[in-house]
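Novice: If you read the protein sequences in the order shown, they are chains A and B.
Sequential numbering from 1 applies to the first sequence in this note's numbering.
Sequential numbering from 1 applies to the second sequence in this note's numbering.
One thing to keep in mind: the hints can contain errors.
Said to hold, decoys possible - Sample of chain B residues lacking proximity to chain A, with all beta carbon distances greater than 12 Å (derived): (1) A43; (2) S253; (3) E254; (4) G531; (5) L571.
Claimed, not checked - Keeping only pairs whose Cα atoms sit at most 16 Å apart, straight-line, the calculated EDC-like set for lysine to aspartate or glutamate is: (6) K635/B x E610/A; (7) K635/A x D670/B; (8) K697/B x D670/B; (9) K613/B x D240/A.
For the record, the hints were derived by calculation from the structure and aren't laboratory data.
For each residue, glycine too, the CB sits at the ideal point set by N, CA and C.
There are 2 protein chains.
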Amino acid sequence: MSKLPRDLTALVDPKSIAVIGASNEPYKFGGRPIRYMREAKFAGPIYPIHPRDKEIQGLKAYADIRDVGQPIDMAIITIPAPGVADVVDACAEAGVKSCVIFSSGFSEVGGEAHEWQERISATAARSGLLVLGPNCLGTLTPKGWAIGTFSTIFDHGWPVPGNLTIMTQSGAVGGHVLVAARERGLGIRTWVATGNESDVDVADCIAFGATDPETKVIAAYMEGCKHPERLIAALKMARDAGKPVICMKVGSSEVGAAAAATHTASLAGADAVFDAVFRQYGVYRAHSLDEMMNVAGAALVSPLPKGRRLGIVTVSGGAGVMAADAAANLGLEVPELPAVAQKAVKDALPYAAARNPVDVTATATNEFHLLQQGLEAMLSHGNVDMTVIFLSTVGFSPRIMEGLSEIFPAIRKKYPDAIMAVSMMCTPENRRKFEDNGYLVIEDLNDAVEILAALTQIRESLERPDSSDGLELPGVLSHIPAGSLNEAEAAGLLAESGLQFPAIHVATNASEAEAAARRIDGPVAMKVLSGAIQHKSDIGGVRLNVTADMAAEAYAGIMNSVGNHEPNTPLDGVLVAPMAPKGVETIIGVQNDPVFGPVVMFGLGGVFVEVLKDVTFRVAPFNEAEAHRMIRELKGLPLLQGARGAEPVDLDDLARTLSKVSVYAAAQGDQFTSIDINPYVALPKGGVALDAVIVPKG
Amino acid sequence: MSKLPRDLTALVDPKSIAVIGASNEPYKFGGRPIRYMREAKFAGPIYPIHPRDKEIQGLKAYADIRDVGQPIDMAIITIPAPGVADVVDACAEAGVKSCVIFSSGFSEVGGEAHEWQERISATAARSGLLVLGPNCLGTLTPKGWAIGTFSTIFDHGWPVPGNLTIMTQSGAVGGHVLVAARERGLGIRTWVATGNESDVDVADCIAFGATDPETKVIAAYMEGCKHPERLIAALKMARDAGKPVICMKVGSSEVGAAAAATHTASLAGADAVFDAVFRQYGVYRAHSLDEMMNVAGAALVSPLPKGRRLGIVTVSGGAGVMAADAAANLGLEVPELPAVAQKAVKDALPYAAARNPVDVTATATNEFHLLQQGLEAMLSHGNVDMTVIFLSTVGFSPRIMEGLSEIFPAIRKKYPDAIMAVSMMCTPENRRKFEDNGYLVIEDLNDAVEILAALTQIRESLERPDSSDGLELPGVLSHIPAGSLNEAEAAGLLAESGLQFPAIHVATNASEAEAAARRIDGPVAMKVLSGAIQHKSDIGGVRLNVTADMAAEAYAGIMNSVGNHEPNTPLDGVLVAPMAPKGVETIIGVQNDPVFGPVVMFGLGGVFVEVLKDVTFRVAPFNEAEAHRMIRELKGLPLLQGARGAEPVDLDDLARTLSKVSVYAAAQGDQFTSIDINPYVALPKGGVALDAVIVPKG
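Model the full assembly from the supplied sequences, consistent with the hints where possible.
Specialist: Set out below in structure tokens:
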């Protein structure tokens, strides 16, 4: 695959556009882009291509793209699927820079049609031609009105140019989101619906947004991903560029994933892994299209809060309580105002609430200065990072809007950098008055607090160093042999990652077992050694608290019992190790995900993993800081922090261990299917792996 | 307090209205109701009361309410607080049936003003006068236009009459919600903002809605509750009447609760207990005003789904996945269509998805019959309880709306009872076209699925028998003595509830201990007995697995060790009991909540309660069916159902035990502060309480 970022200029800002399969009918797919661009006054030349017609919609038409004889940045292709690959070849031959293929009937139907798409991919790879689609809704860039889409949005309104880059894999969702942006008044830098992604994919579009000076925020709708390493690289670019990426990814449920699998031609990958990637690479994951567009819209116009401290100013005590509840749910702080500010509020209105939430009561809708005084107390003294202002239905009242007409602009002037969200019901005109003064306007109060919390989360993501920063790469690692590995072999290999194991001895007869036990201080644990046995305890393969005097007998007992249960399984002897210290049992696992490669899972032992599914994931490799974030996501975290009177465990060791395992897994990813370290016992100082399984590849 | 339901006709449908403190200024509080009612053409007489003026806003004015000499259903009072109590007395004397007191400055400011409010309460109780407020925004009934409010909503639009009864404790929130209802086109039966609740309270309003033939749905905004037994009685009435109650209760967070405490004059009560009451009595708890109004609006016009099976029909594969994800999150099922229906879909469009979600693709926005075919396949064969239809931005497109104009009415005609929610962006006119045909229209797809899930939950709540149905009342119970109780005494008392304890023996010397141990089969557990000792293990007060031969020595050891640690604590001897059987440790607790009385808590032992706070509450008493629902709310439920290869515990015994404890607690509520049964060991058959603490009242 091509390196990122690719130059998408010919798709995003084409100066000359051909339409292959152009139509005189202005409502047909091949007629729409021509009609739209002429209505919108696209400045460049449009070349209709048609086998017979000499003129289309009043423009000179050509029989073949190769007849045009002029530079062509973009060719829109709307002919039936069987002919498309040939036409793409012709485009490459004619020096066209990009193709947008509306036509459907390719990989999504399979068989021969899948091969047509493969041919298109090959042409793109060979020639450097950018290909969008097939089976896609195309592109749109309002600045200049390059309209490479047959979306019907223009039948009921035009989007406005701006700084939001939108990419969606689904055309229908793409059209929907485009209208949603228009209805919210969000300015679009460019909009790309990628369809079957024979060439240009979601990663290309995100990387474009990351490097494009006119893009401020990137919104992406995804169903799956074919080239995860490119997706990750693109997300890193966006974060490096300080640009928020807000993503809606579908398929989190079983039925949803099944529906997605039938819907997309690409492998979906486990949703939990996507979620991990989003956390790791600073993507804000939205859970509805509404949320995606609301957060993108806010990020587009608002600075990002520097911290989590929320000021609440309302005209209703109840609304103050609601906002405080919402803030608590979302992890925002609602700090008490300092005494001086509380006094200022109380001086203005004795029965106002002054602590934060500040409630200047409905009286403020008659005595407007109260709102100003409450807000100024908050903004001057509150030391908050953002403020939500509840104005109820004020935006419907001409009288109150008139009364407030000077206050809100004055506040903005005095506090130019304050992040202020106004929650109110209002007319579109009154909404604009507030927005023009740099206020976010969000009707529902809970939504307003959620959007501020989202901006906070985005700021934290953007400020965070990359999760691969400062990673220590492993030295030369032993090859993981094929076939089954016993515990001692697995431990030997994993020790190269830096993972701590107890002193392990392998005994192949009773006297070796006794000798090993004598070398160990205190009673020992003894376990049968065999790469073929999963559940050692169930067949008498484990003895705990064995003294040196009993070790020989224990050896015989283990071999006997296991031999009786599994007469045909080769046994490699018995592992002799010190008894485990008391600590918190955790589980570290690595699965080689078909899409994302090695993915590290972490959880607490016992009910936490088995009953509560309290686990967290990251794509390998990652550094200690990322591992710390991973650990903090567990619901069982208090147990590691010393709940129930216990000593807290060594979280730094745990994070270091997770990071080391992730580095090992990334380095050895082509050699194993899964790794299980269960349990890894986290101790007040350090920690120790008590069992390890590696399932080699194949 | 008065019995429910009270006749609120004089507040809700007053035929004659006086305004005490009436004003000629149409924008003053005392002027607004008169102006509003004259604009809206209230049919009954309006009597302005003013000490000097003879005419107000063109109406004959009276110096005193007692001078009117005509029947008066409602007197609005807008004079300053110090004079209000006298005026309320005058109203009672004049035979006025209800008062609405706008004036503020009563209990919410405290001191002398609190006594004024007490006087008003006393007058109401003595005379039977209905009093709303003080410090309230009043009432409104659009049918007939009785306007007992100074809300400014009428400055920018009139609500419409209908079947939604709204009550809010906060005036500002009340006004907000009233506008929200108007903007959604929801018809209002009556709207009441209760303010300080000196007399008429939230329970009265809910009970009114429950018994009022014109009320179909009740929406309530609450901050606290003074008379919980009345609230519960009112909620029962609403459920008995089959009327949905949708409630937004604030103060779920610590900061929120603190803000609520300063804001309301009433005791809030723990939010978790309110939550329990809502679950128990079938209230749908909304978490934002938007959600409350959306769900109330849907319940107002839609039948309630009979089950949890959701059909999904879309013009976008991605949207289908989104809807399926949302359904899974909310516990709705998305059943696969039967083969015959899948064939019908595929026959219409070979590349449609036919399984459910049914995706007729964006092609359906050109070939409209596809939508009809997809929908008919779902509605005729899908065996679903409700259907969500994603139409993207269709509602903005005149061409597509024209194309669909016959299809959706025809579908409705053919399937008159089908519950169908359409998710699309649209103009208000196009929204109305769908709504007029009985479709719910909800812009965001996730919101649409959430609202259908809410309707499902409401139906389930309404169908559920009362949680007190079939409760077995306890016989005569022993009095709980004051002072501290030891474990044996607590067990003796609790055994009267039917709670199972092991055979317990109390030994007051070593030989009694030995004798007790001999009577028990197998080794025994021995614990020091003292009502004054909480943590017996820490001071050597517990010995486990003691054989009869060792029992005498163990007795001495326990008394010695405890005596050394707590030389001045009186000891009652040692409890001797069989060793506990293996099972799942649970915790049953009862707290006497200051608002709601005895509240039963249930959780699993160990990390579940201590680390994860995985507990559930119900107000006592409740039956076994309610206890089963309580158990099913635990995240750790799989552990009771036999996770990790264990045998499932006896859930029926557990539910029976919880119900019995709740009945006991309800019966003895005035005699104890808390009860703790920790652990109650749930077994494959039955269960057993291994420790019990009762803290008597006082």
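Novice: Hints first: check each against the structure and report whether it holds.
Specialist: Right, here's what the structure says about each hint:
no., hint, in the structure
1, A43, "holds, 28 Å"
2, S253, "violated, 3 Å"
3, E254, "violated, 7 Å"
4, G531, "holds, 24 Å"
5, L571, "holds, 25 Å"
6, K635/B x E610/A, "holds, 12 Å"
7, K635/A x D670/B, "violated, 38 Å"
8, K697/B x D670/B, "holds, 7 Å"
9, K613/B x D240/A, "violated, 39 Å"
Violation of the numbered hints given earlier is confined to hints 2, 3, 7, 9; the remaining hints are satisfied by the structure.
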